[in-house]
Structures are given as structure tokens and as C-alpha cells.
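Visitor: Whole structure, please, built from the sequences with the hints as guidance.
With UniProt numbering, the residue at position 284 of the sequence shown is 284, and numbering never jumps.
Please note that the accuracy of each hint is not assured.
[As the list claims (entries may be wrong)] Straight line, CA to CA, 27 Å or less: simulated BS3-like cross-link-like pairs of lysine-lysine:
#, residue 1, residue 2
1, Lys-509, Lys-488
2, Lys-385, Lys-140
3, Lys-166, Lys-180
4, Lys-525, Lys-509
5, Lys-140, Lys-397
[What the hints assert, rightly or not] Each pair of labels, with its calculated beta carbon distance range:
#, residue 1, residue 2, range
6, Glu-495, Lys-427, 47 to 53 Å
7, Leu-481, Lys-180, 57 to 63 Å
8, Tyr-23, Leu-159, 24 to 30 Å
9, Glu-124, Glu-6, 23 to 29 Å
10, Glu-6, Ile-403, 42 to 48 Å
11, Tyr-105, Leu-159, 18 to 24 Å
12, Leu-4, Tyr-105, 35 to 41 Å
13, Gln-370, Ile-110, 18 to 24 Å
Since the hints were made in silico from the structure, they are not lab data. Quick reminder that beta carbons are idealized off the backbone N, C-alpha and C, glycines included.
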Amino acid sequence: MLSLNELKELYDFDLRASQRSFYEFHQSLKYYHGDQIDPVNLQTILERRQSPVIENIFKLIINKIIGYKAQSIAEIKVSGRQENDHNTAILINDILKVFSEDISYNKEIIKRDRNLIFGLGLCELWCEKDKDGDFFLSLKSLDPLSFLIDAYSEDLNALDARRFHKKLNMSFEEAKRLLKTTPYIKNQRNFDQRCILIESWIKEEQGFARYIWQEEALLSYEKKPFKNGMHPFIVSKFNIDEKGVWYGLFRDIKPLQDYINYSENKMMNMIGTLKAFFEEDAILEAEEFIKQASLDNAVVKVRSGALRDNKLKFVEHHNDIATISAKANEKRNLAKMISGLNDEALGIANNRMSNDAISQRREAGLMGLQEYLNACDAMDRLIFKKAIDYISLYFTKKQVFQISDERVGQRYFSINENENNQIKVGKFDLSYKSQIKTQSNEEKLASWAEIIKSFSHDPNLMSQMMLLMLKDVQSTQAKDLLELITQKQNEAQNESESLEKELNLENMKLELEKKKAEILELKAKTKKYSSQGDLAHGVAINQSTQNALLLDNPQNAEGNKSMQKGGMDLR
Numbered sequence: 001m002l003s004l005n006e007l008k009e010l011y012d013f014d015l016r017a018s019q020r021s022f023y024e025f026h027q028s029l030k031y032y033h034g035d036q037i038d039p040v041n042l043q044t045i046l047e048r049r050q051s052p053v054i055e056n057i058f059k060l061i062i063n064k065i066i067g068y069k070a071q072s073i074a075e076i077k078v079s080g081r082q083e084n085d086h087n088t089a090i091l092i093n094d095i096l097k098v099f100s101e102d103i104s105y106n107k108e109i110i111k112r113d114r115n116l117i118f119g120l121g122l123c124e125l126w127c128e129k130d131k132d133g134d135f136f137l138s139l140k141s142l143d144p145l146s147f148l149i150d151a152y153s154e155d156l157n158a159l160d161a162r163r164f165h166k167k168l169n170m171s172f173e174e175a176k177r178l179l180k181t182t183p184y185i186k187n188q189r190n191f192d193q194r195c196i197l198i199e200s201w202i203k204e205e206q207g208f209a210r211y212i213w214q215e216e217a218l219l220s221y222e223k224k225p226f227k228n229g230m231h232p233f234i235v236s237k238f239n240i241d242e243k244g245v246w247y248g249l250f251r252d253i254k255p256l257q258d259y260i261n262y263s264e265n266k267m268m269n270m271i272g273t274l275k276a277f278f279e280e281d282a283i284l285e286a287e288e289f290i291k292q293a294s295l296d297n298a299v300v301k302v303r304s305g306a307l308r309d310n311k312l313k314f315v316e317h318h319n320d321i322a323t324i325s326a327k328a329n330e331k332r333n334l335a336k337m338i339s340g341l342n343d344e345a346l347g348i349a350n351n352r353m354s355n356d357a358i359s360q361r362r363e364a365g366l367m368g369l370q371e372y373l374n375a376c377d378a379m380d381r382l383i384f385k386k387a388i389d390y391i392s393l394y395f396t397k398k399q400v401f402q403i404s405d406e407r408v409g410q411r412y413f414s415i416n417e418n419e420n421n422q423i424k425v426g427k428f429d430l431s432y433k434s435q436i437k438t439q440s441n442e443e444k445l446a447s448w449a450e451i452i453k454s455f456s457h458d459p460n461l462m463s464q465m466m467l468l469m470l471k472d473v474q475s476t477q478a479k480d481l482l483e484l485i486t487q488k489q490n491e492a493q494n495e496s497e498s499l500e501k502e503l504n505l506e507n508m509k510l511e512l513e514k515k516k517a518e519i520l521e522l523k524a525k526t527k528k529y530s531s532q533g534d535l536a537h538g539v540a541i542n543q544s545t546q547n548a549l550l551l552d553n554p555q556n557a558e559g560n561k562s563m564q565k566g567g568m569d570l571r
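Guide: Structure, rendered in C-alpha cells:
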């Protein structure tokens, strides 16, 4: 456990190492929001009674990059390394889908994407409990200006860092409730009392320990907040220079942006100005001539013969303006090249080209974004790997989740209900893929039309492909048509089910009648066999009676014999 003085020394050391990065990050935010002209040049422009002009190409590039990233399609798949981890991997996939579909997740990821292109992307992932005691994953994007990384860390994702510091500006009452102690109040107002806290995560023997402290005292210490001994932070640096300073795209764009702004303001000044040269004997009074000639609507008296003898000469700046404008265009194109975008990717191209050519140039223009996209993907993988660790360690009680499925709509699944859906600690592989969405709806429709033509010989397959096409095309008309087709399919399915029910009912009736007929037939046969049995029984009784009588009266037997000749009864 570290002392308060040791924590202060580590914090101050890491703070000094991050000052250059913080300065560049703060400058990039100013430029993004339009504060691009330094005070000296701004004062000069205002003294000329000229309105400052900026061309915020930096914001244009940033917004386009973030827009392409926001529309990217991500695919996450978790697989178990061992056979007994298979069921757990399926459950983790579903839980991660619930986590990534949350509205706050997308909001925090967009913040992270913007901060990353400015230099540093930071996220904090926690496993929290709700009021019912169920666990859920919470992701929050952090402000890079309030976060310090180990000064000796050289990895882009800070995987080699041994300490992190986070500065918190909290409500006094909230801090008092969470820490169960009274922190020092920075402002002594009677309303909205605030306190500044520093949360330090230091790697010790058993993992990362958590310190919460102020300049005055150490307020809290946790030896091992997480079961796996890790910290909750996910870090990604856009780039690192030879001095270990992290920086963003701003470092490369800033000189070009400054030149463009300078050129625009310079040209605005030159458009309304000119240079005048005159001989001393050409005018009556120099100061009065200068004052009057500088007006927009000027009528100035000069000496006789001054104009005829070319004693006055006015020089305009048209050639200089054209030269400066050409150089500014060069810097604009260079800024686009450095950012990895061309006019088609930025959406400002006005040349006449075919759809295929435009699509190819747009895809080529996005190739330069691959380094930024790789950094985002690497950070996303770290987020989901940490989420898998949390799920394996903390999701140990029975819970029910709701998930949105494209095939079946809303569905529910449960965990830890029986042996088959038990969350267990295991070894899992994470596959994460993302792809930028570059095609417009028109291009998608053209592509689908070619595909459907190839399979026009199979009507059943075409109907299914039409549904896929309508799902892929994002437009109101396609959505309405898809709903109509789905409604008709449901009606046809209901009608088919109704007809099938009627047929089943008729079959059941026929089967029942058949059974009844079989029963009646069996009853008739039973009655017949019963009658035959009774008849046979009566015959047997009569025969036995006659035999008994014959035994009692043998004469009758002889008489009977005499009445038979040749086997025939003559009676």
C-alpha cells in the first residue's frame, strides 16, 4: 500500500509527462469548434475592420471519418476453446448482444471515436447491480484531459502500464455517501458544493489496487476491487511520437489549416485594397490625397497633366490573389490526402462520372482510414474481452434477458437456471469484425438488380431475395413495402393454417366415422358369433339329451337302426 506522498509524486510525474499531449488535445478541440485564429492575427484583422474568416476543413474531415465509423457494421462471435465451454460461449454471445444494443453503448462509443481521432480514446467498463440484484455491464467514455497514463507506457493500448489516474469533480454529498467519509470541499459555496478527487489504480502484487485521495488525505483503499485483479479502463492512443507523446490527426492537419485560414483572410484584405504611387508634383496635398483616395466612392482633385503624363499609378492585387488561392487549394488537397479521404469520400466531388467510377473512387478514398479503423477495432476487442471476463466472474445468479433478433424479433433467454445455461469460467476466443458501410441506396439497388437477374429462373428464390433486398436498403418506401409483404405473407400463412385446420377437422371426422363403422362391424360380428355359439350350444344339448334317452331305452335305438338303410334315414 502506497502512502499519500508516494501517490502525489507518481501523479505529478505522470502529469508532467502528459502536458504536451494535453496541450495538443486541447488545441484540437478549439480548432474543431472554430477557434482557429490566434489572438495576434485576430487583433490585426479586427483593426482592419474586417470580419475574421475561417474554413474549418478540420471539422469537415473529422465529422466524415466519425460518420463512416458510426455506420460501420460490426460482427462479434465468441467461441469456446474446449467442448465443455460451447454452451457458455452461446450465452455470452447473447449477453454481449444485449450489452452492445443498449442506447448508452452507442452514445459512449461515438464519444470514444471522436476522442480517439483527437489523440486518445478512453473507456471505463464496470459490472454493476440494479435494484433487483441483477448484474449488468456499464460502459462510459472518459475525458482524456482528466486521465493520466503511466509515463513509461509505450503500448498503443497501454497494456504495459502499471498505473492510471482519473480526476473526478463530484458533488460533495455524493462523494460523502459513496466514500462513507467527509472529503475536502474545494469551493465554499452554500449551494452546489463540489470536491475534487483523484482515483489512482496502481499495480501491486495481487493485481491493481484502487486509491481514492485528495491533496489533504487518503480517503479510500481497495486492495483488489475486481476478482481477476484487473482495472476497468480500456485505452487506445491514435499515435505515439519518438518522445512518447500521444497525438491525433490534428498534428498533421494544423499547419495546413492555419495556412488556409491565413490565405483566406489575406485574400479578403487584398480584394478591397490597392497600392497607389504618385509623383510629388502630381497632387496638391499628399495627406489629403491619401485620405480621399482610400474611400470607396472617391472624387479627388490632382494637378493638371498628372493623369496624362502617368504621374499616378494604381496597382491591384489580382495576380497575387490568384497565386495565394492556388496555394490554398494545394493545402486543401494535401489535408484531404493526409486524412485519408478524397472528394468522393468527403461528398464534395462535382465531376461527372459513372456510378461504378464514383464507387471505386469512394472506396479508394477510404483506404487511408484503415489505421484509424484498426485502432478502433483493437479497442473494441479489448472492451468485449473485458466484458467476457466480467460475465464469467460475476453473472452467477439466475437472470432473464431480453434480446432483439432479426429472425424472430424480441426474445428472452435466461442464465444459471439449469446445467445447460450455467455461466462458467472458461477459455474463450473472441472474433470481432467491422466493415465500413460505403454504398448508397441507389448503388445497393443497382447491385441487387444484377443479382436478381442472375436468379430470375427460380421464382421462389427471387421472392426471398426481394425480402433481403428490402431489408438491406434503408429507405421509408422499402420499409413500408417490406411491412406490406410481411403482412400479406402473414395473412396467407393464417389462411393456409385455417385451411389446414379445416382439412384436419374433416380428416378427423372421416376417421371418426371410419372408427364408428368399424365398431358397428365388430358389434355385428360379435352378435353373429354369439348367435352361432348359442345355436351350437342348443344342438349340443339336444344331442346329449337324445343320447341319454337312447341309453335309457335301447329298443328305440334298435328301431331307429331299422329305419336306416344304406346310410339313409327311411323315416
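Visitor: All hints, please: hold or fail.
Guide: Hint check:
Among the hinted pairs, Lys-509 with Lys-488 is inconsistent with the structure: their alpha-carbon atoms are about 31 Å apart, more than 27 Å. For the hint linking Lys-385 to Lys-140, the alpha-carbon distance of about 16 Å falls within 27 Å, and the restraint holds. Our distance criterion of 27 Å between C-alpha atoms is met by Lys-166 and Lys-180, whose separation comes to about 20 Å. Between Lys-525 and Lys-509 the CA atoms are separated by roughly 24 Å; this keeps the pair inside 27 Å, and the hint holds.
Annotation: proposed proximity of Lys-140 to Lys-397 holds, straight-line Cα distance about 25 Å (limit 27 Å). For the pair Glu-495 and Lys-427, the beta carbons lie near 51 Å from each other, so the given range of 47 to 53 Å is met. As the Cβ distance of Leu-481 to Lys-180 is approximately 60 Å, the hint placing it in 57 to 63 Å holds. Tyr-23 and Leu-159 have their C-beta atoms about 25 Å apart, which keeps the hinted 24 to 30 Å range intact.
Range check, Glu-124 to Glu-6: about 24 Å between beta-carbon atoms, so the 23 to 29 Å window is met. At about 47 Å, the beta-carbon gap between Glu-6 and Ile-403 stays in the expected band of 42 to 48 Å. Taking 18 to 24 Å as the suggested C-beta distance range, the pair Tyr-105 and Leu-159 conforms, at roughly 23 Å. For Leu-4 paired with Tyr-105, a C-beta distance near 37 Å keeps the hint of 35 to 41 Å intact.
A C-beta distance of roughly 20 Å is found between Gln-370 and Ile-110, which places it inside the suggested range of 18 to 24 Å.
Hint check: a violation occurs at hint 1 only; the rest are consistent with the structure.
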